[in-house]
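Undergrad: Residue numbers (numbering that gives the first Met the number 0), protein chains in the order written: chain A, 0 to 361; chain B, 0 to 361; chain C, 0 to 326; chain D, 0 to 326.
Source of the hints: derived by calculation from the structure; they are not laboratory data.
Honestly, I wouldn't trust all of these hints.
What the hints assert, rightly or not - Reference listing, derived: stretches of chain A covered by chain B, where coverage requires no fewer than 3 residues with Cβ under 8 Å from a Cβ of chain B: (1) 3–11; (2) 135–146; (3) 160–173; (4) 177–191; (5) 197–205.
For each residue, glycine too, the CB sits at the ideal point set by N, CA and C.
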Amino acid sequence: MPSKVYARFSVSYMQVLDEDGKVDSKLEPSVSDDELLKLYRVMLTSRRLDERMLKLQRQGRLGTLPVCVGQEAVSAAAALAMAEDDWFVGAYRELAGRVMRGEALVKPMMVYNGMEEGNMTEGMKNVTPVAIILASQIPHAVGIAYAIKIRGEKNAVVSFNGDGSTSEGDWHEALNFAATWQTPNVFVVQNNHWAISTPLSKQMHNRSIAQRGIAYDMESIQVDGNDPLAVYKATKEALDRAKKGEGPTLIEALTYRMLMHTTADDPKKYRKEDEVEEWVKRDPITRFRTYLGNKKLWNAKKDEALEAEIKGEIDAAVKEFESISKVRMDEPFDYIFGEKEEIIEEQRQEFLDDLRKDKEDA
Amino acid sequence: MPSKVYARFSVSYMQVLDEDGKVDSKLEPSVSDDELLKLYRVMLTSRRLDERMLKLQRQGRLGTLPVCVGQEAVSAAAALAMAEDDWFVGAYRELAGRVMRGEALVKPMMVYNGMEEGNMTEGMKNVTPVAIILASQIPHAVGIAYAIKIRGEKNAVVSFNGDGSTSEGDWHEALNFAATWQTPNVFVVQNNHWAISTPLSKQMHNRSIAQRGIAYDMESIQVDGNDPLAVYKATKEALDRAKKGEGPTLIEALTYRMLMHTTADDPKKYRKEDEVEEWVKRDPITRFRTYLGNKKLWNAKKDEALEAEIKGEIDAAVKEFESISKVRMDEPFDYIFGEKEEIIEEQRQEFLDDLRKDKEDA
Amino acid sequence: MPKLTMVQAINLALHQEMERDESVLVMGQDVGVNGGVFRVTDGLGDKFGSDRAIDAPLAEGAIIGTAIGMAMNGLKPVAEMQFSGFSYLSIPQLEGNGARMRTRSRGQFTVPMVMRMPYGGGVRALEHHSESKETYYAHTPGMKTVIPSTPKAAYHLLLAAIRDPDPVVFMEPKHSYRAFKEEVDDNGEAWELGKARTVQEGTDLTVISWGAMLHRTEKVVEQLSEDRNASIELIDLQTIYPMDGATIAKSVMKTGRCVIVQEAQKTLGPASEIISIINDKALMYLEAPVKRVTGYDVIMPYFARENQYVPTIGRIKRAIEETLDFE
Amino acid sequence: MPKLTMVQAINLALHQEMERDESVLVMGQDVGVNGGVFRVTDGLGDKFGSDRAIDAPLAEGAIIGTAIGMAMNGLKPVAEMQFSGFSYLSIPQLEGNGARMRTRSRGQFTVPMVMRMPYGGGVRALEHHSESKETYYAHTPGMKTVIPSTPKAAYHLLLAAIRDPDPVVFMEPKHSYRAFKEEVDDNGEAWELGKARTVQEGTDLTVISWGAMLHRTEKVVEQLSEDRNASIELIDLQTIYPMDGATIAKSVMKTGRCVIVQEAQKTLGPASEIISIINDKALMYLEAPVKRVTGYDVIMPYFARENQYVPTIGRIKRAIEETLDFE
Ligand SMILES: Cc1ncc(C[n+]2csc(CCOP(=O)(O)OP(=O)(O)O)c2C)c(N)n1
Ligand SMILES: Cc1ncc(C[n+]2csc(CCOP(=O)(O)OP(=O)(O)O)c2C)c(N)n1
Ligand SMILES: [Mg+2]
Ligand SMILES: [Mg+2]
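Whenever a hint applies, use it, and build me the whole structure from the sequences.
TA: Right, dumping it as structure tokens:
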């Protein structure tokens, strides 16, 4: 089509730590040794907790459960880049990030054992519960950021969603609002290449998700999501800009879901083992261990000790989980409204009567 | 942010006929004289019909009504580029395009007098009724195109929506589906700079709507929407590509709503007269008349004759409109389902009884 | 006490509450500079600035979605849907998040917000501009649905809605926006939500209505009370959910007869729940079937036919008479 | 006659109908290669190709929106929502267009399509995976809402839904997906929509249910018929809208007593409409209030509590006994 170009755009890709753990020193962010070690510990804890929960699920002690294996770097490194009062608005594949924010290890087990109690965020601030309706949490992230902005507060909001979720209207609407309002948002998309059985090629025609930011003239970048340093650096810089009032950023983190979508899923039905193997080589934890080793911060002995420590923590969490006595059954009536409503209390009474009678009959 | 660029994009702008009616002969599309004259006639008819309907509305003979004044070039020229069996999926600001497709002039009056009868499309093929829920018609356009594609048919679909409507999730979802499925769609956005009182600056942060196509790696272009030749050319080329199986196109047509949003709106509340005046200078009809004059296809005498002819047609349509005797009141019961349903017929009977009794009482 | 139209009363409530409480803001399409297409938010932009009278981009889902986020972070947004017919785009956010956040987080995150909007027929508008679908909202647990019928009720109930700790859908009968004025005591007091209002006491028959239908029904009741010397109790439901079953049951136990006038479609409109409550709590007191005067199970026609599809004075009158006469 | 689970019966209906009618296709998230998360669409991709077993991008609104367009242009899409809890994202398209297109265009454009989806509790799933909100759909004029309760019903009713000239919401009780098998006569016959099915005749009391609750209720009815020597009529509603008022009224006029078992929340669930129909057509035959056994007006809890929030065997039994005994 003959005509004149009126605007040019580009999108960049960033990797700091390559697949072999070699760092690009020009890009290397300044992170204290303690923080680096914390990042490693959190990623490993998340991995081991996932593995344990999978076992519990297979034994019938947990319900359907999504795991984060292979994607730990994204949410953990993003969370490391955040201040304590920055909001963390996740979906369901950010176990590592939640652990970084201080989530007790027993909580996810409670959630996946069908208990809302697991959504309690004692000890953490500004971390929202697991969100199941895809992309529906992204408008919340923008509203939260709007409140920050008009009150002139100094924190920001980091939200997470998957590649498939960028097809939802909620996602588009939210990014447009954020760009228009110039809210302090960082939108992290975990592009793990699959939405259950749907590969990117059936999800979208565009070659990257980062370029979707162009639709909103939003600062956007694609990073190696299995590279914790790249994720950290991109998130940190985005947060700095957000807090300076320079508006939102879209970060596409390229990663991979190494296991099943949830425990109800069988990836053999739709994807080749080869593809998975390629990505196993890019494992974020292995890579980061090499990096720490190169920095002389880590060695096999320390690793052994850490594994043992983590195992101890998880054992304790499982024990706590298993010690939880029965739930109070009428609790849903407590939280339906902030004030007591007659119609609800009437139904609660009927519920309790029936519960008692059902028990008597049984 | 230091990193490497992995993709570059650009968006182009096209104008063929400038504000003074001078044509860029390198870009001038080949359109027969008859077609050029038809285009002029249709735009003028639409303008005069709008003016007449506004009068009728002010006299209380029509209800709330959106007008197309100033935007005629977009839908009329796009419709001229279409084949007779291409689908025309409009919103409510495409009067000129509808007239191009053969809509009887009495129909819009019927619609804006609250009669579904006005949505009947006798004499036209594949033209969908006015769509009020913004952007909700765009997914339909994609579904219609999908059917064309899998049946291997040779037509395509042109849809229309406004700038504000691109904020809706439906719009984003539809464009993504079209790109992913590579359906024969042409998405025309009439960017008239306002959504009721909301200017572009409060609607979006991006400097153009055409760049939203980059989000889907979709062929996209911005055109002068008050330039019928640019709209024609862009639509024609997009349709050709669509029909060859080369996928969808996004066309942003820059235009302006010269009058009120609808008759219920008072633009003085939110916009300056200056701005309007700037755009009056860019009137598509004046500009096209100059072009036709330069081509020796038009002169003042012909114009006078045409105005008289159009007035005659509109007078006849108004007369027809005014002759319409009362509507059959229970018609909604006819069209709720394709088969007779007991519950509906029961309610129809009650309705008719009540109607009779109400009349007796009155 | 000023005499106000409903539009003015709502506008007053918004002004006062935004003055009183810094966390309250209004948002929606054209609510700022333009003051809303019905001028309900007139003057708020000038007074409170564009941060608190937000002209939002055109997306109902995100208006409600971001409002939920604002509410989670300490604000109290009052979001306008331009017409209720477009509010269904917000159902996913309301049902999926707004109404669930308290339960999901066990009270840690709450969503004190209002979605307000004009609804109902009778203003000669385009398609989708004449809807009465309060059922969608009333059937969604975790939020409240309120419909005022007069300027005064609109004022006090909107204050209550804004102060409520949970999402409230506030549906304004646009047919009554400017139809009549009423003295409004602008004392800043909130009425209690979840309570029906007994407009007039009576012993022979109970009539229940809400929204624009209330005004119309009231006239019929007045006339019939006189013409037939009947003692009719008229109840303005006011809150669709949580529904005031106690008031309904008490009245019907007294009168034994009941007529419900509802603008919404027949099947699964609020009248169906009212009848069910009567069945649950007062069936054995009924001396006649409950009569419902409702819209029909069809698409609300464009305005050439619309008026006959909203309960007419005649239908209401006949229903009351038949129910009074039922033996 | 093969003995099939409900999943198999639905799969069979889809296979046969896609074979018979070229314009039928299935679409949705993971319905093609993966055969659907419940394997309901298994094998359709292999047999009919990816053009007719479409793995759609992840957007419920556009799945239904494009399905409407396909239907307007001659196809008959059967669109799957992965869980009914996500189907609310499609309400704007269904309410705003799918259900209205025939009226809007006076029959020129029609939307013969099906939205099918698993609904209801009892499979230990995550939040939003256990919903029963048929009211949203049944309250929307211009479309039909169908809920089969057995494999056989699912087979014949799905064929009817696909052949119906209007949008049909087809809600599959996922708790019954594999719970039991039934002989299914795979004769390609469609049952009529809008008709309730009398599972068992009786004269003492009418029990009405649908979906997953039917099976559970049937067991209670069997037991009580025997234990108490009661003659109980059991009705499977099958179509929520248009509701079969004639069958309901006829039965209650005969028995004078009625219990409704519904999984959905209490307020404005289908039971409310059933009670209203009884009020309209059979009130004077009632010997006891109609009893409804329903879910509660709360957010369906996660699965640690879920089972007690779906009508239990005990509740159903007690409701029937109390209603039988009411004097
Ligand atoms: C609105 C909505 N639709 C469908 C689902 C069912 N579902 C759960 S996860 C999933 C795939 C999500 O893919 P993606 O966004 O890429 O995230 P990932 O699971 O890969 O992390 C689907 C379809 C849902 N939870 N919400
Ligand atoms: C979903 C929806 N929301 C709100 C409205 C009310 N409304 C009608 S037109 C309009 C502005 C549309 O702006 P734009 O898309 O730019 O089209 P234009 O009217 O300028 O042609 C609004 C908000 C509507 N019709 N549909
Ligand atoms: Mg993914
Ligand atoms: Mg516009």
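Undergrad: Does each hint hold? Answer for all of them.
TA: Hint check:
no.: 1; hint: 3–11; in the structure: holds (count 9)
no.: 2; hint: 135–146; in the structure: violated (count 0)
no.: 3; hint: 160–173; in the structure: holds (count 7)
no.: 4; hint: 177–191; in the structure: holds (count 3)
no.: 5; hint: 197–205; in the structure: holds (count 5)
Hint check: a violation occurs at hint 2 only; the rest are consistent with the structure.
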